[in-house]
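Trainee: Residues per chain, in single letters:
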Amino acid sequence: MHARLFRSLYRIRRVEEEVARVYATDKIKSPVHLSIGQEAVSVGVCDALRADDVVFGTYRGHALYLAKGGDMNAMVAELYGKVTGCTRGKGGSMHLIDTECGVMGTSAVVGTTIANAAGYAYSLKLRRSDAVVVCFFGDGATEEGVFAETLNFAVLKRLPLLFVCENNGYAIHTSQAKRQGLPDICARARAYGMPAERLDGNDVLTLRDKAESAIAKLRAGEGPQFIEATTYRWREHVGPGADYHLGYREKSECAPWEENDAVRVLAEQIPTEQRAVIEAAVEREITTAFEFAETSPFPHPSELMTDIFTEDANDFAACQS
Amino acid sequence: MISPLAKAKSPQALRESIKTTERTRTFVEAVREATDEEMGLDPNVVLFGLDVDDPKAIQGTTQGLVEKYGAERVFGTPLSEDAMTGAAIGMALAGLRPIHVHIRMDFLLLAVNQLLNVAAKSRYTYGGRVNVPLVVRAMIGKSWGQGAQHSQGLHSFFMHVPGIKVVAPSTPYDAKGCLTAAIRDDDPVLYVEHRLLHFQKGPVPTESYTVEPGKARIAVAGDDVTIVGISYMQVEALRAAKYLEDVGIRAEVIDPIWLNPLDTDTIAESVRRTGRLLVVDTGWTNCGAAAEIVSRVAERLQGERAFRFKRMGFAPTTCPTTPGLEDLFYPNARTVAAAARDLVEGRACNWLPTERADLRSIEFKGPF
Ligand SMILES: Cc1ncc(C[n+]2csc(CCOP(=O)(O)OP(=O)(O)O)c2C)c(N)n1
Chain A
1 MHARLFRSLY RIRRVEEEVA RVYATDKIKS PVHLSIGQEA VSVGVCDALR
51 ADDVVFGTYR GHALYLAKGG DMNAMVAELY GKVTGCTRGK GGSMHLIDTE
101 CGVMGTSAVV GTTIANAAGY AYSLKLRRSD AVVVCFFGDG ATEEGVFAET
151 LNFAVLKRLP LLFVCENNGY AIHTSQAKRQ GLPDICARAR AYGMPAERLD
201 GNDVLTLRDK AESAIAKLRA GEGPQFIEAT TYRWREHVGP GADYHLGYRE
251 KSECAPWEEN DAVRVLAEQI PTEQRAVIEA AVEREITTAF EFAETSPFPH
301 PSELMTDIFT EDANDFAACQ S
Chain B
322 MISPLAKAKS PQALRESIKT TERTRTFVEA VREATDEEMG LDPNVVLFGL
372 DVDDPKAIQG TTQGLVEKYG AERVFGTPLS EDAMTGAAIG MALAGLRPIH
422 VHIRMDFLLL AVNQLLNVAA KSRYTYGGRV NVPLVVRAMI GKSWGQGAQH
472 SQGLHSFFMH VPGIKVVAPS TPYDAKGCLT AAIRDDDPVL YVEHRLLHFQ
522 KGPVPTESYT VEPGKARIAV AGDDVTIVGI SYMQVEALRA AKYLEDVGIR
572 AEVIDPIWLN PLDTDTIAES VRRTGRLLVV DTGWTNCGAA AEIVSRVAER
622 LQGERAFRFK RMGFAPTTCP TTPGLEDLFY PNARTVAAAA RDLVEGRACN
672 WLPTERADLR SIEFKGPF
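In the order they appear, the protein sequences are chains A and B. Counting in this note's numbering, the first sequence runs from 1 upward without gaps. Counting in this note's numbering, the second sequence runs from 322 upward without gaps.
Check each hint, because a few of them may be wrong.
Unchecked claim - Ranges between beta-carbon positions, derived for each pair:
| hint | chain 1 | residue 1 | chain 2 | residue 2 | range |
| --- | --- | --- | --- | --- | --- |
| 1 | B | Asn671 | A | Ala280 | 19 to 27 Å |
| 2 | B | Ser616 | A | Ala148 | 37 to 45 Å |
| 3 | B | Thr341 | A | Thr306 | 48 to 56 Å |
| 4 | B | Ser616 | A | Ala187 | 53 to 61 Å |
| 5 | A | Glu18 | B | Ala392 | 36 to 44 Å |
| 6 | A | Gly241 | B | Ala678 | 28 to 36 Å |
| 7 | A | Ala216 | B | Glu388 | 49 to 57 Å |
To be verified - Taking lysine-lysine pairs in the BS3-like style, the calculated list, with each CA pair at most 25 Å apart, reads:
| hint | chain 1 | residue 1 | chain 2 | residue 2 |
| --- | --- | --- | --- | --- |
| 8 | B | Lys631 | B | Lys536 |
| 9 | A | Lys125 | A | Lys157 |
| 10 | A | Lys251 | B | Lys377 |
| 11 | A | Lys178 | B | Lys377 |
| 12 | A | Lys157 | A | Lys217 |
| 13 | B | Lys686 | B | Lys522 |
| 14 | B | Lys377 | B | Lys389 |
| 15 | B | Lys536 | B | Lys442 |
| 16 | A | Lys178 | B | Lys389 |
| 17 | B | Lys631 | B | Lys563 |
| 18 | A | Lys27 | B | Lys686 |
| 19 | B | Lys377 | B | Lys442 |
Hints are computed from structural coordinates only; laboratory data are not their basis. For clarity, every value in this text was computed on a predicted model and none was experimentally measured. Glycine included, each C-beta is placed from N, C-alpha and C at the ideal position.
Could you build the full structure based on these sequences and the hints that come with them?
Mentor: Here you go:
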């Protein structure tokens, strides 16, 4: 299990570092919100899921997409705007999806997918499925009305839905303390009637365990569960760089998180040789993914008008103009 | 509640001052200046919205204002568009003049209930006993793969509903004058800003002035075709006029500035002369602002003057992120010029001007 978790963490970290490196070349013409530093939340939770379980996420979705089994080639190609991307180049980094792996959607509008996850969970319950849904969102999203409305509905209908709040302490450049009168997000979840626990988002093993037991409760029909995972965003909100020069946070704030980096902590627990094998394999996968993206074609102009409706849209669109 | 406002200049004096001013400012600076002046004049003006007080200060449009007016009058909000809009309405009912800022117009969709069911209707439903002097600033994003949920031009939604004014200035001069007018206006005003316009520079008088609702501006005079460019599309329309000059076509380019109330007179008068109307929007054409402008002109001129017309806007699809398709999604100076020429010649000319370096469209560079 350690090796599996390490591989997943390392893979996400490294591919995002490559995204950051390539970004300067302007080959990726799409906003990217990196998860560097926050990988353990997605990795820990997703490791406890079955393939047929479903996740919803946000525009900061690379880690979730990969942790849930999304195809790296398709992700990198998507960032490049290539037709081989997971949304054929149409959605970009903020709209990753992989229906085969249960990555059911991400949104650029904060909070949106929280309610979508509840609807998906309702449908699973209605169909007597024992699959579950996990919804990932940031601390900022808990300020949107949809958060409160969805928590209430989820409890009311005892939905098989795990809420995972990835609390990195900031919404863009504004700290949680400047945005929330009571920064205890778990307390809010409990007030709606569901168990909630705050966990260290760097501690991938504990996260995995806790997620596993929460998910078991979901499958047993005990109703929604809530995890708040505290974590830290190492890079700027959007884009590849650091942003400590902006002055809204101190570099020293990141130091403990870097010291306690989940990727490194786990790496130390894996025998050196085994680790080298994993790392080499991941590096090969990343090289391949970027080559795949570089050599893939851009979508044909006719793609502009496909997938608007289920009908062949180029014909249909003709009658719109 | 009456506030001690500086007297607005007459349109004549205004035109004089724009001619004489050598002071050049960006759109961003114009927005900040109008806000600053009005906050200075009227203690009831308050400014808030997500990120308004963060280091980037909404592209710089709110820079320095929290230091100057304090955190009670200038503040960042939680991520709560719906509630904050409702709260803004409450503030306005109590005599404040709130300016609520949204860094993407797309986020207004979370506030539509408050804006259209409450703000737009309060004065009417309460028999004129209250006003909602609220300004909502909303930015349209474009390019660098901003995609489906960060690039929408939704102004026509708001034009559809009576009770809320809509303005979409394209020059720094109008940016300042329209924002000043909007802040002083006793009705809710949606102030539409296009991200690419933020880079534009132009003359901006030092003193306070207003560009009042309901008057369009003829930016370039011409007799062959009337091109109305909304918001950022004004810039592309002006460039299109240059391409058209190369083939001997003189376009009249009109900036409607205010979309509601809309100056049908100026546009219809132009079309009466040119007999051709091209409306270019930074939004979809279906049920859009362009449709409204064409219909109004048609209603005005029917039975009197036949004219040819065309609407241009977003392709009738969702905005893709991949660069090639993203380019196709938007009208640009060359496609506008091509459409205008077709109108003038009354046939499909299959002409697309070769791109001139001096008329190249601005491309925004990432990360955002
Ligand atoms: C409804 C809405 N309002 C505002 C924004 C602008 N915005 C984009 S990301 C973001 C911060 C969200 O913070 P959080 O939920 O904590 O997630 P994080 O980015 O930290 O992962 C904001 C305000 C948005 N995308 N959607």
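Trainee: Take the hints in turn and mark each one as holding or not.
Mentor: Here's how the hints hold up against the structure:
no.	hint	in the structure
1	B:Asn671 with A:Ala280: 19 to 27 Å	violated, 56 Å
2	B:Ser616 with A:Ala148: 37 to 45 Å	holds, 42 Å
3	B:Thr341 with A:Thr306: 48 to 56 Å	holds, 54 Å
4	B:Ser616 with A:Ala187: 53 to 61 Å	holds, 54 Å
5	A:Glu18 with B:Ala392: 36 to 44 Å	holds, 41 Å
6	A:Gly241 with B:Ala678: 28 to 36 Å	holds, 30 Å
7	A:Ala216 with B:Glu388: 49 to 57 Å	holds, 53 Å
8	B:Lys631 with B:Lys536	holds, 22 Å
9	A:Lys125 with A:Lys157	holds, 9 Å
10	A:Lys251 with B:Lys377	holds, 18 Å
11	A:Lys178 with B:Lys377	holds, 16 Å
12	A:Lys157 with A:Lys217	holds, 15 Å
13	B:Lys686 with B:Lys522	holds, 18 Å
14	B:Lys377 with B:Lys389	holds, 16 Å
15	B:Lys536 with B:Lys442	holds, 24 Å
16	A:Lys178 with B:Lys389	holds, 19 Å
17	B:Lys631 with B:Lys563	holds, 19 Å
18	A:Lys27 with B:Lys686	holds, 11 Å
19	B:Lys377 with B:Lys442	violated, 34 Å
In summary, the structure is inconsistent with hints 1, 19 from the numbered list given earlier, while agreeing with the others.
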